[in-house]
Amino acid sequence: MGSVPQRSQESLDTRSPMPDTPKSRTANESGNDASPDSPGSLEELRHLILAPEQEALQRLTNRIEKPESRTEDVSGVVAEAIQKRRELGGEDALCAALAPTIETALRDSVRRDPGTLADALFPVMGPAIRRSILETLRSFLDSFNQILDQSLSWRGLKWRVEAVRTGRSFTEVALLHSLVFRVEQVFLIHKKSGLPITHAVAPAVAMQDPSLVSGMLSAIQDFVHDSFHTERGQGVNRLNVGDLDVWVEDGPYAILAAVIRGVAPRALHERMTETLENIHAEYASSLERFDGDSAPFANINRELSRCLEAKFKEESPRGGYGYAWAAAAVLLALVGGWLGWRWWQYHRWSELVATLESQPGLIITSFGRVRGRLVVRGLRDPLSSDPQAFIKVAQLDPTQVEFHWSAYYALDDTLVQKRASMALMPPPGVSLSVKDGVLRVEGQPPAKWLDDLRSRGMFIPGIRALDLGRFTPEQIAFDEGKGRIESIVVKFPLASAALSSAERATLRNLLPQIRELLNSPVAVQGSITLEVVGHSDSTGADATNQNLSQRRADRVAWEFIQLGIPAAHLHARGVAAEAPVRPEDTEENRQYNRSATFRVVVASLPQP
Amino acid sequence: MIQKKICMLGSFAVGKTSLVRRFVESIYSDTYLTTVGVKIDKKVVTVGVREVTLVLWDIYGEDDFQKIRWSYLRGASGYLLVADGTRRATIKKALELEQKTREEIGPIPFVFVVNKSDLVQEWELDPAMEAQIATMNWAILRSSAKTGEGVEEAFFRLTRKMLG
Numbered sequence: 001m002g003s004v005p006q007r008s009q010e011s012l013d014t015r016s017p018m019p020d021t022p023k024s025r026t027a028n029e030s031g032n033d034a035s036p037d038s039p040g041s042l043e044e045l046r047h048l049i050l051a052p053e054q055e056a057l058q059r060l061t062n063r064i065e066k067p068e069s070r071t072e073d074v075s076g077v078v079a080e081a082i083q084k085r086r087e088l089g090g091e092d093a094l095c096a097a098l099a100p101t102i103e104t105a106l107r108d109s110v111r112r113d114p115g116t117l118a119d120a121l122f123p124v125m126g127p128a129i130r131r132s133i134l135e136t137l138r139s140f141l142d143s144f145n146q147i148l149d150q151s152l153s154w155r156g157l158k159w160r161v162e163a164v165r166t167g168r169s170f171t172e173v174a175l176l177h178s179l180v181f182r183v184e185q186v187f188l189i190h191k192k193s194g195l196p197i198t199h200a201v202a203p204a205v206a207m208q209d210p211s212l213v214s215g216m217l218s219a220i221q222d223f224v225h226d227s228f229h230t231e232r233g234q235g236v237n238r239l240n241v242g243d244l245d246v247w248v249e250d251g252p253y254a255i256l257a258a259v260i261r262g263v264a265p266r267a268l269h270e271r272m273t274e275t276l277e278n279i280h281a282e283y284a285s286s287l288e289r290f291d292g293d294s295a296p297f298a299n300i301n302r303e304l305s306r307c308l309e310a311k312f313k314e315e316s317p318r319g320g321y322g323y324a325w326a327a328a329a330v331l332l333a334l335v336g337g338w339l340g341w342r343w344w345q346y347h348r349w350s351e352l353v354a355t356l357e358s359q360p361g362l363i364i365t366s367f368g369r370v371r372g373r374l375v376v377r378g379l380r381d382p383l384s385s386d387p388q389a390f391i392k393v394a395q396l397d398p399t400q401v402e403f404h405w406s407a408y409y410a411l412d413d414t415l416v417q418k419r420a421s422m423a424l425m426p427p428p429g430v431s432l433s434v435k436d437g438v439l440r441v442e443g444q445p446p447a448k449w450l451d452d453l454r455s456r457g458m459f460i461p462g463i464r465a466l467d468l469g470r471f472t473p474e475q476i477a478f479d480e481g482k483g484r485i486e487s488i489v490v491k492f493p494l495a496s497a498a499l500s501s502a503e504r505a506t507l508r509n510l511l512p513q514i515r516e517l518l519n520s521p522v523a524v525q526g527s528i529t530l531e532v533v534g535h536s537d538s539t540g541a542d543a544t545n546q547n548l549s550q551r552r553a554d555r556v557a558w559e560f561i562q563l564g565i566p567a568a569h570l571h572a573r574g575v576a577a578e579a580p581v582r583p584e585d586t587e588e589n590r591q592y593n594r595s596a597t598f599r600v601v602v603a604s605l606p607q608p
Numbered sequence: 001m002i003q004k005k006i007c008m009l010g011s012f013a014v015g016k017t018s019l020v021r022r023f024v025e026s027i028y029s030d031t032y033l034t035t036v037g038v039k040i041d042k043k044v045v046t047v048g049v050r051e052v053t054l055v056l057w058d059i060y061g062e063d064d065f066q067k068i069r070w071s072y073l074r075g076a077s078g079y080l081l082v083a084d085g086t087r088r089a090t091i092k093k094a095l096e097l098e099q100k101t102r103e104e105i106g107p108i109p110f111v112f113v114v115n116k117s118d119l120v121q122e123w124e125l126d127p128a129m130e131a132q133i134a135t136m137n138w139a140i141l142r143s144s145a146k147t148g149e150g151v152e153e154a155f156f157r158l159t160r161k162m163l164g
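Note that the protein sequences, when read in sequence, are chains A and B.
For the first sequence, counting from 1, position 387 maps to 387 in my numbering; every step adds exactly one.
For the second sequence, counting from 1, position 14 maps to 14 in my numbering; every step adds exactly one.
Keep in mind the hints are simulated off the structure, nothing from the lab.
It cannot be assumed that every hint is accurate.
[Claimed, not checked] Simulated pairs of lysine-lysine, DSS-like, Cα-Cα distance not exceeding 30 angstroms:
id : chain 1 : residue 1 : chain 2 : residue 2
1  : A       : Lys192    : B       : Lys146
2  : A       : Lys158    : A       : Lys192
3  : A       : Lys192    : B       : Lys67
[What the hints assert, rightly or not] Computed from the model, here is a short list of chain A residues facing chain B with C-beta under 7 angstroms:
id : residue
4  : Phe170
5  : Leu212
6  : Gly215
7  : Ala219
8  : Asp222
9  : Ser294
10 : Lys418
11 : His571
12 : Val575
Glycine included, every Cβ here is placed at the ideal spot set by N, Cα and C.
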């Protein structure tokens, strides 16, 4: 405080450079002051001129120098300043600056009176702890439940039945079955009063009120102790009910009781002793003074929790889930089989449809699966192959296939040919063929049938043209004439080439027909020769026969020449007995071989 | 959490168990009383802002056949001394028990509860005894397990005495 006036003086000096020394005063004021010799008046003058500024300065100085006013100033803006700092993005630095102080303050507060903070946090901590515990529990149970739910084992099923029967949760039943041992609860009990100092419980364990259990436990201890007059410290250290065990460790001020399900190992006993010793070592005075307030033992719980051991039966997951795997495999096989069967069926169906589509006279418009059956729709020519026959070929069940056909005329050549054959009924030796809708006739069709063909052929669906080729009326007439001439047998007497008058008449009667043949338009296509073939019977020497047959042919040819047939159109040759007209089994037939026959030969013109 | 062990002391059939039955949390059946000689119950009392858990040791009443197990009183912070107003002997017994308790475990807070106040016209308190009790400066309460009268008050007063 002592420094305040002095500093104030300094600041005054620097801000208003009014010299204190007479010398400078003279120099400065000589020009404008009326009474330069009076220091009082100078002061007054200064006061007059600078009074408002001086006062303002004084006020400012006071505010800056006095901690109270500074505090006041800062208090007015501290909240806004922090707010501003946060808005400017300096929050991290702010936190870093404040953290140590806040931490120290909290620590001090707890040291002074834990109750204040505890009370403040109580509404927050309760729900937070509850939630945390619930979450842990739930996740534990969920995962456990999940594993077991997933296992389709017989054992899992048995446990489920047991759970329903006993009204316990499935998890609990499963846990009990797969448990070797589990420390479910641990009580640290004040020996003298039987009050629970603290209590730890394993997850998912139904617990009773620790106060009541602790009380009853120590009551029993006392009861046994009194009843059997045992030494102090030699109370009950083990209780056994069914699969529940209560192990009791005795200490000078407190006893540690563990509720165990299953068969715990000896090591647990050592763990308990060790825990109790640790607690006694650390909290000896608190334990001695314990009057029901468990606050000093708030941290013991972690120590106790170490005793909450548990051991589950070790099972190889393979064994455990064997059934599940088997079930999964069966399921997979079933699904696979079904899919395979579906695929096979679909494959067969596709094949059948493809086969049908390839058939002339069948047009598939649609096909698909309807209630497990293959339904095929399309057009069918009545003359096409029977579709039912293909079902068998495709190794399908006929009841599984359904056809819906609409009739139509197919224009495929094979079907058109069938249709034409049915309509025209060609006589034996005559065949029909269709190519690109053109009907062709082969063989020796009778003229009458050909007339029928000409009149009806074009009305057959699918026939767009008739190609009768050589079956022109001229050709037919030629062929008929040729046939007639070639069927003639001119007979000779035995071993003679002389013609009887009857035979000569026959030859004369043939003349118009021969002329007709030679003049036929067919002859334009090539030269026509009437071959006269001389025959002999098989008796007699070959040479004689050859000669005889040649002479017979020559005789007939000569007769024709005589009758006016140009020799160029005639050709006579003897074949002896080499080409008999009839087999020589009777005399009559042998007579037929002493003869001459005709062949009408159309020699094609040599190709240019 | 503050817990206190308190005992219920009194003769056989003075109504100790009935007294607490309606006001406590319990997981044990009354058969424990006759077998082990004690039954543990719990009662939470709020004194001011403090919640105190009273762990009640309901000790089998002394009769001709069974003595009180004094070891059950070890570590108790207080007790309710219960007598039956309609039976003089029980009041006399209460006085004895109080003395015996002081000898066994030292002077600890207690509240003397004279039960069966609903039958007050049948009470057998004689002036001499009342005078004797008065001189001892005891905290005395009339209670009735039947009507609930005085029961909460008994626990409350005992708790306040224990907390000092």
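Can you give the numbers of the hints that this structure goes against, from lowest to highest? 1, 2, 4, 10, 11, 12
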